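Residues per chain are reported as follows:
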Amino acid sequence: MTVPAADETRVFKGISASPGIAIGRAFLLEDMDLAVGRWMVPPEAVKAEVSRFRAAVADTRKEMLGTQQKILKLLGKSHANLIEAYLLILEDPLISKDVVKAITQNRVNAEYALSEAVAGAVKTLEAASDEYFRERRHDVLDVGRKILLHLLGHEPQSLEDLSEPSVIVARNLTPSDTIHMKAQFAEGFATDIGGRTSHTAILANSLEIPAVVGLHEISRRVRPGDMMIVDGHTGTVIVNPTPDVIDNYRRERDIRQQERRDLERLRDQPAQTKDGRRVVLAANIDAPSEVKNILANGAEGVGLYRTEFIYLNRKELPSEEDHYQFYAKVAQSVLPHPVIIRTLDIGGDKLLDLGFSQDTKSEPNPFLGLRGIRLALKHEDLFRSQLRAILRASVHGKVRIMFPMVSGLEEFRQAKRAVESCMEELRQKKVPFDEKIEVGLMIEIPSAALVVDYLAQEADFMSIGTNDLIQYTLAVDRVNDEVSHLYEPLHPAILRLIHQTVAAAHAAGKWVGMCGEMAADADVTPILLGLELDELSVSPSLVPKLKKNIRDLNFADCKALTQDVMKDPTRDNVQKLLRRFRNR
Amino acid sequence: MIERTFTVQNKMGLHARPAAMLVQTLQKFDSQVRLRKEDQEVDGKSIMGILTLTAEYGSALTVIAEGMDEQGVMDSLERFFTSQAHEE
Chain A
1 MTVPAADETR
11 VFKGISASPG
21 IAIGRAFLLE
31 DMDLAVGRWM
41 VPPEAVKAEV
51 SRFRAAVADT
61 RKEMLGTQQK
71 ILKLLGKSHA
81 NLIEAYLLIL
91 EDPLISKDVV
101 KAITQNRVNA
111 EYALSEAVAG
121 AVKTLEAASD
131 EYFRERRHDV
141 LDVGRKILLH
151 LLGHEPQSLE
161 DLSEPSVIVA
171 RNLTPSDTIH
181 MKAQFAEGFA
191 TDIGGRTSHT
201 AILANSLEIP
211 AVVGLHEISR
221 RVRPGDMMIV
231 DGHTGTVIVN
241 PTPDVIDNYR
251 RERDIRQQER
261 RDLERLRDQP
271 AQTKDGRRVV
281 LAANIDAPSE
291 VKNILANGAE
301 GVGLYRTEFI
311 YLNRKELPSE
321 EDHYQFYAKV
331 AQSVLPHPVI
341 IRTLDIGGDK
351 LLDLGFSQDT
361 KSEPNPFLGL
371 RGIRLALKHE
381 DLFRSQLRAI
391 LRASVHGKVR
401 IMFPMVSGLE
411 EFRQAKRAVE
421 SCMEELRQKK
431 VPFDEKIEVG
441 LMIEIPSAAL
451 VVDYLAQEAD
461 FMSIGTNDLI
471 QYTLAVDRVN
481 DEVSHLYEPL
491 HPAILRLIHQ
501 TVAAAHAAGK
511 WVGMCGEMAA
521 DADVTPILLG
531 LELDELSVSP
541 SLVPKLKKNI
551 RDLNFADCKA
561 LTQDVMKDPT
571 RDNVQKLLRR
581 FRNR
Chain B
1 MIERTFTVQN
11 KMGLHARPAA
21 MLVQTLQKFD
31 SQVRLRKEDQ
41 EVDGKSIMGI
51 LTLTAEYGSA
61 LTVIAEGMDE
71 QGVMDSLERF
81 FTSQAHEE
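These protein sequences, in sequence, are chains A and B. Counted the way our numbering counts, the first sequence spans residues 1 to 584. Counted the way our numbering counts, the second sequence spans residues 1 to 88.
Everything labelled a hint here was simulated from the structure, so no lab data went into it. Remember, predicted model here, so these are calculated numbers, not experimental data. Some hints here could point you the wrong way.
With a cut-off of at most 30 Å between alpha-carbon atoms, the simulated BS3-like pairs for lysine-lysine come out as follows [unchecked claim]:
{"id": "1", "chain 1": "A", "residue 1": "K97", "chain 2": "B", "residue 2": "K28"}
{"id": "2", "chain 1": "A", "residue 1": "K329", "chain 2": "A", "residue 2": "K429"}
{"id": "3", "chain 1": "B", "residue 1": "K11", "chain 2": "A", "residue 2": "K315"}
{"id": "4", "chain 1": "A", "residue 1": "K73", "chain 2": "A", "residue 2": "K62"}
{"id": "5", "chain 1": "B", "residue 1": "K28", "chain 2": "A", "residue 2": "K101"}
Using C-beta positions, here's what the derived DEER-type ranges look like [unchecked claim]:
{"id": "6", "chain 1": "A", "residue 1": "D254", "chain 2": "B", "residue 2": "G72", "range": "52 to 62 Å"}
{"id": "7", "chain 1": "B", "residue 1": "R17", "chain 2": "A", "residue 2": "E320", "range": "19 to 29 Å"}
{"id": "8", "chain 1": "B", "residue 1": "E66", "chain 2": "A", "residue 2": "P42", "range": "34 to 44 Å"}
{"id": "9", "chain 1": "A", "residue 1": "E435", "chain 2": "B", "residue 2": "M68", "range": "48 to 58 Å"}
{"id": "10", "chain 1": "B", "residue 1": "Q27", "chain 2": "A", "residue 2": "S78", "range": "20 to 30 Å"}
{"id": "11", "chain 1": "B", "residue 1": "D75", "chain 2": "A", "residue 2": "K292", "range": "26 to 36 Å"}
{"id": "12", "chain 1": "A", "residue 1": "N480", "chain 2": "B", "residue 2": "F80", "range": "42 to 52 Å"}
{"id": "13", "chain 1": "B", "residue 1": "E3", "chain 2": "A", "residue 2": "S78", "range": "32 to 42 Å"}
{"id": "14", "chain 1": "B", "residue 1": "D75", "chain 2": "A", "residue 2": "V479", "range": "43 to 53 Å"}
{"id": "15", "chain 1": "B", "residue 1": "E3", "chain 2": "A", "residue 2": "H233", "range": "47 to 57 Å"}
Computed list of chain B residues with no C-beta within reach of chain A, every gap over 10 Å [what the hints assert, rightly or not]:
{"id": "16", "residue": "E3"}
{"id": "17", "residue": "T5"}
{"id": "18", "residue": "F6"}
{"id": "19", "residue": "R34"}
{"id": "20", "residue": "R36"}
{"id": "21", "residue": "E38"}
{"id": "22", "residue": "E41"}
{"id": "23", "residue": "E66"}
{"id": "24", "residue": "D69"}
{"id": "25", "residue": "E70"}
{"id": "26", "residue": "M74"}
{"id": "27", "residue": "E78"}
The beta carbon of each residue, even a glycine, is placed where N, CA and C say it ideally should be.
The following block holds chain A by itself, in its conformation from the complex:
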């Protein structure tokens, strides 16, 4: 094996813990090994040894409280709670009682008693089958190490003394190390261990410090002062990069920073074209926890809450109460914006997994089988418990109900009757709900789009689900390689169905949205605006870009483009028009 030249470029791949690019000199944070010496404490010194240990615990606690205050100031309460877990470990009987017991009974030194107690807990956690619990052994180790440092009288290493832009390299970092990185010259960090769920990764993300973890032995392969690049987007660390590489990364970092600043500025701006046409830009979610994410991205509400998530990862059917808790939480946290809750859109196979075996059989063609509203209407108990939960949650915010997979008027009426009957039931029980709750449907089956003028009379709103609408209209399974080239969102048939749907809705004085992937396609945005959709709902991370696109457009131009497209909606012509529009 040849030893690499001192300044040879080396590339390490790890786990991306926090995005961003950091460039700087390596600063190595030393690591304390917990293997410590054991010696016997003479009987007369036992008491002093116990107080030495207690003092170290007290000092550690003081240090942690300091860190907690710092986090509280920088990031707020929810992050400061991370330290709470560390404080609890510190106060744990395993440390506060068992270590003292080991010192007094076995007459061993405090360092040894502590390392034994910590090693025992770590060993048990290591055996856990769940990654999350395995990861928690680092928390226990961190606390143990902190106490040990105080026992040994070490001064904590300080990052605040850094005098040039640096990349911190360590075996592992504790949250308190991480929080100190807000110090001026700590640009980013790279560590041997850690995963995406480690506290340190969470903090790095919130502090917006670029970080790569899980690099195995970076702390032993880098020397202090080595030039380093941490690419938190790809999880790559480059040691001793050439000047060209550094320049490239600098440029990329500047571009990304500029982009982020632009998007942040956009967050509180309306989704409005230059000439003042306003659309509602909402986001699709699967779980209540995503709400803060969509608000951070500047979305105006939840355009599609897919409730299927509630049915996943469980052994039995969710109760009405389960549903209610989820919906109330979303309704409350998204205020003042609305949430559109889509009723269950699962197939029969899923029910089987939940132990609901009542005449569910495997279907030869599930996409044309019992799913969406069909399944809900067949198993009305299931449907009604979800509807009651939605109605009850409606007092907590602005809630709307939307049915999936409706093929025509009869189904919509039947589903609406179920809602009305649930309302009556709640009225009798004197349970409050929003009497004016809007009830709408998804337009995703071609037959519904073809009778949309009837549906528009009876629905409060409609939302076009493009993924299914395209598949069903063009009879194309887009994951089938043989035919996927036929999956064309801008097929004239699709454009015509969208156009008809919007026209019918507006003629009836109702609003209409779109919640499929097509809504996020930047090329298609001008056409969707030109077709006069009132609302677009996309995945949270796509909201800022889409908003920027909308704000760069003129509605009049979009209108003209769409008229040209509708005149000759063949693929070649549409592509030509779009190209010309892009280069206008």
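Guided by the hints, dock chain B onto chain A, whose structure is given.
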């Protein structure tokens, strides 16, 4: 002495934050509280004990409380486990 079994409803299991909340809840009581999962038993006031139980989503936890305020322990645990159902 009261004994009762609860199901862990948190999708992520009793990880650091819920475990911390559980310990903080129990520290308010004088009663001795033991938690049992299968054949492993730990001190309910020990965060590390609870973490070593690795009580994942859906696992059954038996709580044994003994002391003057044991009924209070069970009542607040009941509230704790129901509220956990809606956290992720």
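Here is how each hint holds up against the structure:
1. Simply put, K97/A and K28/B have alpha-carbon atoms about 18 Å apart, close enough for the 30 Å limit, and the pair holds.
2. Note on K329/A and K429/A: the hinted pairing holds, with a Cα-Cα distance of about 23 Å set against a maximum of 30 Å.
3. Taken as a hint, the K11/B and K315/A pair is honoured in the structure, with Cα atoms around 12 Å apart against an allowance of 30 Å.
4. Among the hinted pairs, K73/A with K62/A is consistent with the structure: their alpha-carbon atoms are about 17 Å apart, no more than 30 Å.
5. Restraint check: the Cα-Cα separation between K28/B and K101/A comes to about 24 Å, which is no more than 30 Å; the hinted pair holds.
6. Between D254/A and G72/B the Cβ separation comes to about 59 Å, which falls inside the hinted range of 52 to 62 Å.
7. For R17/B and E320/A, the hinted distance range of 19 to 29 Å is satisfied, since their beta carbons lie about 27 Å from each other.
8. At roughly 39 Å, the beta carbons of E66/B and P42/A sit within the given window of 34 to 44 Å.
9. The hint said 48 to 58 Å for the Cβ distance between E435/A and M68/B, and at roughly 49 Å that hint holds.
10. Range check, Q27/B to S78/A: Cβ separation about 21 Å, and the 20 to 30 Å hint holds.
11. The given range of 26 to 36 Å is respected by D75/B and K292/A, whose C-beta atoms sit roughly 31 Å from each other.
12. Here the CB-CB span from N480/A to F80/B is close to 49 Å, well matched to the stated 42 to 52 Å.
13. Here the CB-CB span from E3/B to S78/A is close to 34 Å, well matched to the stated 32 to 42 Å.
14. Restraint check, D75/B to V479/A: a C-beta distance of roughly 52 Å satisfies the suggested window 43 to 53 Å.
15. A C-beta distance of roughly 52 Å is found between E3/B and H233/A, which places it inside the suggested range of 47 to 57 Å.
16. The non-interface label for E3/B is consistent with chain A: the shortest C-beta to C-beta separation is roughly 21 Å, beyond 10 Å.
17. In this structure T5/B is separated from chain A by more than 10 Å, as the shortest Cβ-Cβ distance comes to about 16 Å.
18. Distance check on F6/B: its Cβ is at least 16 Å (rounded) from any Cβ of chain A, clearing the 10 Å threshold; non-interface status holds.
19. Against the 10 Å criterion, R34/B stays outside the reach of chain A, whose nearest CB is about 12 Å from its own CB.
20. For R36/B, the requirement that its beta carbon stay farther than 10 Å from each beta carbon of chain A is met, with the minimum near 15 Å.
21. Every Cβ of chain A is farther than 10 Å from the Cβ of E38/B; the closest lies at roughly 13 Å, confirming the non-interface assignment.
22. At roughly 13 Å from the closest C-beta of chain A, the C-beta of E41/B stays outside 10 Å, upholding its exclusion from the interface.
23. Every C-beta of chain A lies more than 10 Å from that of E66/B, the closest at about 16 Å, which supports listing it as non-interface.
24. Listed as outside the interface, D69/B is consistent with that label: its C-beta sits roughly 19 Å from the nearest C-beta of chain A, beyond the 10 Å cut-off.
25. Its beta-carbon lying about 19 Å from the closest one in chain A, E70/B satisfies the requirement of being farther than 10 Å from that chain.
26. At roughly 20 Å from the closest C-beta of chain A, the C-beta of M74/B stays outside 10 Å, upholding its exclusion from the interface.
27. With a least CB separation of 14 Å from chain A, E78/B remains clear of the 10 Å interface cut-off, as annotated.
Taken one by one, the earlier hints all hold for this structure without exception.
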